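Visitor: Take a look at the letters that make up each chain.
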Amino acid sequence: MSTEVASKPIKTSEPLFSKKNMRLLSDPLNENNPITVQVLGICSALAVTAQVKPAFIMALAVTFVTAASNVFISLLRNLIPGNIRIIVQLTIVATMVILVDLVLKAYVYDVSKQLSVFVGLIITNCIIMGRLEAFAMGNKPWASFLDGIGNGLGYAAILIIVAIMREILGSGTLLGYQVVPQFMYDAGFANNNLMVVPAGALFAVGIIIWVQRAQNKYYETE
Amino acid sequence: MQRDSKVYSIVFATVICLVCGVLLAAVNEATKDDYKTNLRVEKKSNILAAVKYPLAGKTGAEIEKIYDEVIAATVINSKGEEVEGDAFSIALKAEKKKPVEERSLPLFVYANETGEKFYILPMRGNGLWGPIWGYISLKQDLNTIYGVVFDHETETPGLGAEITKPWFQEQFEGKSSLNGEKVDIVVLKGKGNQLNEHSVDGISGATITGNGVNSMLAEDLNAYQNYFKKLN
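Read top to bottom, the protein sequences are chains S and W.
Each residue of the first sequence is one higher than the one before, starting from 1 at the first, in our numbering.
Each residue of the second sequence is one higher than the one before, starting from 223 at the first, in our numbering.
No lab work stands behind these hints: they were computed from the structure.
Just so it is clear, the structure is predicted and the values come from calculations on it, not from any experiment.
Mixed in with the good hints there might be a few duds.
[As the list claims (entries may be wrong)] The following label-pair restraints were derived from C-beta to C-beta distances: (1) S:G188 / W:T296: 48 to 58 Å; (2) W:L246 / S:I86: 15 to 25 Å; (3) S:T173 / W:L245: 33 to 43 Å; (4) S:A187 / W:E419: 37 to 47 Å; (5) S:R23 / W:L245: 29 to 39 Å; (6) W:P388 / S:V39: 35 to 45 Å; (7) W:W389 / S:L202: 21 to 31 Å.
Backbone N, C-alpha and C fix where the C-beta goes; we use that ideal spot for every residue, glycine too.
Chain S on its own, in the form it takes in the complex (with noise of 0.2 Å):
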């Protein structure tokens, strides 16, 4: 995996929103994504992008959990004893996961549903785990925060893109409202059920890495 890139440590007097700061913040978004990039975080993308709205939300949870278990172990990064430190790093997901699962259920239960196994499977993003290891173990907590909110907005762009394709095109709804008009389907248009099923989104996820590589002329290097 080619997370290791990112992980060079930030120097300590810098300001706040320094140019490199905001470059953990943008990189993953584009050149560094996690999904089309470093290619984490594609089961989750398969799973539930059907709909945008069950993907806006995982998206928000995914941003949430990286960027609070980020900070922690950031803050704890010279305290962790280095034999058990995959498990605290874990403790601290579930952690988080939870609250997520917990806050979920009791604010949003439709959407609770409509995710159901895919929260507790949070834990399991490869994203959260990739940063920690590679970033928050060696970086100060503001600069892993703003690594984690860079990390899952890039994850949470992707899922968007392809659960908007996948909803327009499979279903012919946005949001779960109607936005194919009528003559479309007079005129031939047909709902596509491949969309609806997870090898939809590897053709749209595929898609999105082609545009995307061929527009910032980046290529596989043996």
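Put chain W on the given structure of chain S with help from the hints.
Guide: Structure of chain W alone, referenced to chain S:
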């Protein structure tokens, strides 16, 4: 203390677990009531949905009010006698572990504007991965199915989870649940079957979930038949 020493690791792990545990317990306490309300509203919406009561756009509080106004509930046993108890709070999960004779069976009754009665029976069974449950409503003849609602915990999306979809549930409407004295309503294997008034199409690739629906329907409808005979 050395960061690599065993004692330090154990102390550190203990402290982390304690802090996380206390935090989670506190949040759980804080959100418990809202979660319980959500569960209660969901159950009431399912009961109302079984008689196709239009609930789109209604808030939780409105649903609870409608439920209180239009649904009456009794508890019966398999011999057909009415027994003491609060029908709504009966947990089917626990009841189904008892032998049929000892179960308390909740029965919900809905009367529409014209006074026509519909009987709503809760059901619970097992799908492929976990529990499935639902509500079935019968017309006043206690035979014709008016509506069904199914739900599940962990069935596969696109396969077993299709039991929650309208296309599957709507097939049951107007079917006969009884063949003579016997309960006879079955989900067949896959689609495109020769159907009669006691059968509906199944879900291709989800035969085990379909079988689960079948045994749930048979067992839970059967338990009410003695009571229904007395009503007729």
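Visitor: What are the numbers of the hints the structure violates, in ascending order?
Guide: Failing hints: none at all.
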